[in-house]
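These protein sequence lines map, in sequence, to chains A, B and C.
When the letters of the first sequence are read in order and numbered with numbering that gives the first Met the number 0, they come out as residues 0 to 396.
When the letters of the second sequence are read in order and numbered with numbering that gives the first Met the number 0, they come out as residues 0 to 291.
When the letters of the third sequence are read in order and numbered with numbering that gives the first Met the number 0, they come out as residues 0 to 68.
Honestly, the hints are just simulated from the structure, not real lab data.
Quantities reported herein were computed from a predicted structural model and do not represent experimental measurements.
Among these hints, one or two may not hold up.
Over 10 Å on every C-beta distance to chain B, these chain A residues come out as not near it, computed from the model [what the hints assert, rightly or not]:
#1 GLU22
#2 GLU56
#3 GLU89
Pairs of lysine-lysine, DSS-like flavour, derived with a Cα cap of 30 Å [stated by the list, open to error]:
#4 LYS49/A <-> LYS11/B
#5 LYS206/A <-> LYS254/B
#6 LYS34/C <-> LYS243/B
#7 LYS54/A <-> LYS245/B
#8 LYS183/B <-> LYS194/A
#9 LYS241/A <-> LYS54/A
#10 LYS34/C <-> LYS84/B
#11 LYS264/B <-> LYS206/A
#12 LYS34/C <-> LYS12/B
#13 LYS194/A <-> LYS188/B
#14 LYS245/B <-> LYS36/C
#15 LYS247/B <-> LYS36/C
#16 LYS188/B <-> LYS54/A
#17 LYS206/A <-> LYS156/A
#18 LYS193/B <-> LYS206/A
#19 LYS34/C <-> LYS245/B
#20 LYS49/A <-> LYS254/B
#21 LYS34/C <-> LYS247/B
#22 LYS183/B <-> LYS34/C
#23 LYS34/C <-> LYS254/B
#24 LYS84/B <-> LYS206/A
Cβ coordinates follow ideal geometry from the N, Cα and C atoms, glycine included.
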Amino acid sequence: MSFTRMMEGNEAAAYGAKLSRAEVIPAYPITPQTELISTIATMIANGEMKAQYIKVEGEHTAMAASIGASAAGARVFTASSSQGIVYMEEALWMPPGMRLPIVMCMVNRAIAPIGGLRPDHNDSLLQRDTGWIQLYCESSQEVLDTIIQAYKVGEDKRIYLPVAVCYDGYFVSATATPTTVPDQKEVDEFLPPYKHEMYSLMPESFKIREFPMNIAKARYEVQKATQRAKDVFERVDKDYAKRFGRRYDGLLEEYECDGAEGVLMTMGSMTGTARDVVDEMRVEGKKIGLIKMRGFRPFPTEEMRELARKYHVIGVVDRNTSYGSAGGGIVAMEVARALYSLDDRPLLLNFHVGLGGSDVTMRQIRYMADKVLEAHDKGKVEQEVDWVELVDLGEVM
Amino acid sequence: METAKIFDEYYKKSLFQGGTTCCPGCGGPTFWRMALESLGPNTIIYGDGPCAGCAIRNIKLPTFSIHFSFVADGSTGIVAALAAKDRHDVTVVSSGGDGAIGDISFGKVSAAAERNENMIQVCVDNEAYMNTGIQKSGLTPFGAWTTTTPLGKEAPKKRIPMIIAQHSVPYVATVSVAFPRDLKAKFAKAMGMKGFKYIHTVMPCPTGWRFDPAKSVEVVRLGVETWAWPLWEVENGVLKLTMKPKQKPIEDYLKAQARFRQLSKEQIEFIQHDIDAVRQKLLDNEGKNIIT
Amino acid sequence: MSKVVRAFRPVVDNNVCVRCYNCQTYCPEGTVMVKSKEEGTIYDYRFCTGCGVCANECPVEAIKMVREP
């Protein structure tokens, strides 16, 4: 039976794994993911979830066990953050190349040093070259829904890629918001059991994915699969909306963008705060819009170009750092590349904020939105990269 | 060709395709051919450890591998998937070399033992990182030449089998390809148990140990006869020596391999002394529960 | 499987062979087989590496390692 109650992101993720009928869950605790795996352990212990929960001794092992289990035919779920994700880096490169559709929650947390337990996006963005699909969630509800959708997309015969469902530690993982948990039978109708066409380790039916000898060819196959994922994702999104009544508008969502002179682009939990600020500013007559980046991989290049044709100033907010980069944060650089070939390029501003998980305040968002509108009025960008937290904005809120 | 057909059938039945890319005289294929006689066709081999890879490639069973830093991890996942599918008839064998199990995957194997994962963990021990060109590992014996210990290894060999035994797992055993009946019996015993079973084999390496490939089996036989490589098993904590040969001097074993050529008389005495002490301890503790 | 290049090849004298199965047991590649008394002990020279373990383990020296031409 479907039910609705206040739920933290981690608990919602546990429900996502349960409804998806994940069969093997190798996991190692790390703040801020711990409640996710302890909730799963409780669900298994009281019989409401049937899964093999492997209490591994480290994240490096967690991902390797995930690979073995997925190849052996089990639907796998795992989760980690920050140091744990970096520790399993060696193993993380394997599933995309091996075409194993593991679903993993990356509960974003800053990477040490100059980090801590609170969230920023370096840990998941670091994986952008591996071939993992990456989706960013703003609320507990979105986490739950995205996990179920992730299996549907990842296990699609044309895809067979692993999916990272990313959400901010604390701000999403430990913040309770109203969440509807769908009915198991309805999820079963949406998500059939896992069966991999390329792998079987059972002695009576052994088959294993043959790697083409040509490396470029093999890699190109993975690249093509990531591109096909966009299409599959749109369809899964629509299907999910029809069955469960919730839509997430694919990889990019436009919020209050009608007639916008400029838009801010955010990823993760700060989107929620940004929605409120944009509402306030719209009431004041300021023509600012908000773009939520939900999918970072595959990068929504076509969709970005569509946006650039409509909005002439884009302010990309990066909750990450890339020391010594060509210019600014990771998302901004990808946006710049996506838009480079356009004849009429929009003005591009880049903001670093919320680094190490410091609160992204309404005042900071307003500051960034004002900068975007200022660039629109002046017709040029004063400061390409703005480290917002180093600007004294007076009061905190 | 008549002979070809006879052999092709034989390879199919024995689950091992003749003609590996292993060095001539390598103990790897020998070991697997013997083990497979016990293991049978309802087995999945999860294996890595580069030298072992050459032999595992020729096994006619489902095989899977990641890297040698993941020994016991991938197989943990496979075991869990089998449990999730209610398949209790398949044996999972995880294989790694000494470099894998002694060094880079040491924690992994220990953890799998602690979790009592239902698999047979095999260590194919050729006493160095051989596939990358003979570098020292934690399981290289004292005094052995390798390219990274040209004057002889300074530290003693890590005693992995006993360490694993201390994890209170159902079964730990040492085997040698020079004693195939003992080897096959131990595999058969392991297959009949649930939980984490560990079988450690010494793997003669003509290339790395520096001896004539023809002497491959003879060298490891000497290893057992000199008590450099005692054959024992620990079943539910109780130690049993499955072979108690009349002890030959360790010098016989050391002189048979050029990797020990630079050992001084004092060093050989030191090694003999160490072997005598271990032999005595094993004999004293026979039949006793050795978990402390 | 690539063609094997050997320096020596084992040759068995079936009159001396006592069919103890040592060679078959200890051959790394499984390329020697003890057949019936009439057929003798046979080799799969497609895959035999010429390591010489069989000759070394034979208790009656029935196997000789002969230089490849």
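Comparing the hints with the structure gives:
no. : hint                  : verdict
1   : GLU22                 : violated, 4 Å
2   : GLU56                 : violated, 4 Å
3   : GLU89                 : violated, 7 Å
4   : LYS49/A <-> LYS11/B   : violated, 39 Å
5   : LYS206/A <-> LYS254/B : violated, 47 Å
6   : LYS34/C <-> LYS243/B  : violated, 34 Å
7   : LYS54/A <-> LYS245/B  : violated, 46 Å
8   : LYS183/B <-> LYS194/A : violated, 36 Å
9   : LYS241/A <-> LYS54/A  : violated, 37 Å
10  : LYS34/C <-> LYS84/B   : violated, 43 Å
11  : LYS264/B <-> LYS206/A : violated, 55 Å
12  : LYS34/C <-> LYS12/B   : holds, 16 Å
13  : LYS194/A <-> LYS188/B : violated, 34 Å
14  : LYS245/B <-> LYS36/C  : violated, 36 Å
15  : LYS247/B <-> LYS36/C  : violated, 37 Å
16  : LYS188/B <-> LYS54/A  : holds, 28 Å
17  : LYS206/A <-> LYS156/A : holds, 16 Å
18  : LYS193/B <-> LYS206/A : holds, 27 Å
19  : LYS34/C <-> LYS245/B  : violated, 35 Å
20  : LYS49/A <-> LYS254/B  : violated, 58 Å
21  : LYS34/C <-> LYS247/B  : violated, 36 Å
22  : LYS183/B <-> LYS34/C  : holds, 22 Å
23  : LYS34/C <-> LYS254/B  : violated, 37 Å
24  : LYS84/B <-> LYS206/A  : holds, 18 Å
Hint compliance for this structure: hints 1, 2, 3, 4, 5, 6, 7, 8, 9, 10, 11, 13, 14, 15, 19, 20, 21, 23 are broken, all remaining hints hold.
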